[in-house]
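Throw the hints in and build the complete structure from the sequences for me.
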Amino acid sequence: MPWLPPIVEFTALSKRYGDGPVVLEDLNLAVAPGEFVSLIGPSGCGKSTVLKLVSGLSPWTKGELTVAGTKPRLARDRQAFIFQDATLLPWLTAQLNVELPLQLRGLPPGECAAKARQMLALVGLESVREYYPRQLSGGMKMRVSIARALTLAPQLLLLDEPFGALDEMTRNRLNEELLALRATSPFTALFVTHSVAEAVFLSNRIVVMAAHPGRLQAEVKVDFPYPRQPELRGGAEFQAKVNEVSRLLHEVDERRTDA
Amino acid sequence: MKKMPRLLVWLLPMASGLLFVALWYGIRLASGLQSWILPTPLEIIQAAWHERGPLLAGVGHTALGAAGGFLLAASVGFATALLLGMSRALRSSLYPWLLVLQMTPVIVLTPIISLWAGPGMPGIITITWLISYFPIVANLTQGLLSTDRNHVALFRMYNASRFQELRRLRVPAAMPYYLAGLRIAATLAPIGAIFGEYMVGNSSGGTGGLGYLVYSYNTQIKIPALFATALTSCLLGFVFVAAVAWLNWAVLHKWHDSFERYDH
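Line by line, the protein sequences give chains A and B. Each step along the first sequence adds one to the number in our numbering, with nothing skipped, and position 148 is 148. Each step along the second sequence adds one to the number in our numbering, with nothing skipped, and position 145 is 404.
Hints listed in this document are in silico derivations from the structure and should not be mistaken for laboratory results. Note that the coordinates shown come from a computational prediction; the quantities given were computed from them, not determined experimentally. All residues carry an ideal CB built from backbone N, CA and C; glycine is no exception. Any given hint might turn out to be false.
To spell it out: a stretch of chain B is covered by chain A in this simulated footprint if at least three of its residues, at any positions, have a beta carbon under 8 Å from a beta carbon of chain A; those stretches are [what the hints assert, rightly or not]:
1. 401-415
2. 423-429
3. 510-516
Below, the structure is given as structure tokens:
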């Protein structure tokens, strides 16, 4: 891969809330365009906070953070956020939920409708376009949320444990769909998760974080080529990677209980 | 909750109603009270039929006053809550005074209202508005401040303007609260209108509403007719509540969880 300027770059970044405890300490991380980077770590390690900083929803205390070479807040139209729950607006149909980002940007109505229809087809939901969120299953809601995030073709996708509340089968299928979507809408991903297997399946790089204060502890490269097939999960190499990351996570967790 | 058989849903209130009427007759017969102190239900219905002209005209007049005051409260209340929901500074400066207004008994204000708005319909509408305004403002303001934080973050991520955030997120999200406020206001509006007619109404136009009939029947000691007026007011109240219940259904049934059907 030729060297490209990083789309996200943390330099000695720290964050604390007022006089409270330090949430993140001395973060150094560069994410290159096209990468799929997962953040994994015990609860309280600040991995969700990292996403809030990148999206410009929350300020940091010390150090530098750039997104596409500029301040996070100024790079918002290059990124999209997928939350832990689908955060669909319950009073809008699936179709109108996907249209929302387009409408907020002021695109003409016809264009919004066509684009949203296309996105919903891409996640396999054209048949439930007129359904309201409460009529959709958890997995379908998350698909709508993904379609909404991708309508504006973001360069950077921030995902905060998006599949954490789903059953394992749905989660696996959505993992596969998410990777497949990168063929049509190439995005760089910063993905927060609790699941080691999910991180290994999706990422080409896994960053293990430690807590109190939140910091980067270890990095694991995952070299399985894309596109990745579901069968990958059954292989010995995959299992070895999962074990490696699990062991790192375990170390991080033990050090914390010793402290 | 287990569902009651449909028939029981109708039968139970009918049975309790009949029991109540029987008790009423029993007390009347056992106590030997006279009709002008405790009329029987039949005498009340007879009085209602006899007074159907004034009662019908009266209920029309009251409905007009109640609807006028209610709509005024619904629209001014909406605008006030938008102001209060928009900025903390406005909320701090205005909310205490709204409370002061709400705490002041309307009865104390009626002479002033009569003086400023004039007697008759303008005064009646003003009183109705005053009585039904606060629950709307309090509920909608609460709703505008209760927007899901992730939804707000989503709008911020899309660089939505404050106006877009208000119109497309905060206001629709607050609709259940607004409708809850309207529902309370709907029970208060007919009461407010009748109270207004009693206090500042005039009958120079030939009719003065139910509030005026209360005054008039009372001075003539037409007690069964008074009971009939109470019954009519109650029916008017039901119409108001039903109208808002319909509005509530129309706005929310497609998406809100309160209209979720359970199949167990």
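List of violated hint numbers, smallest to largest = none
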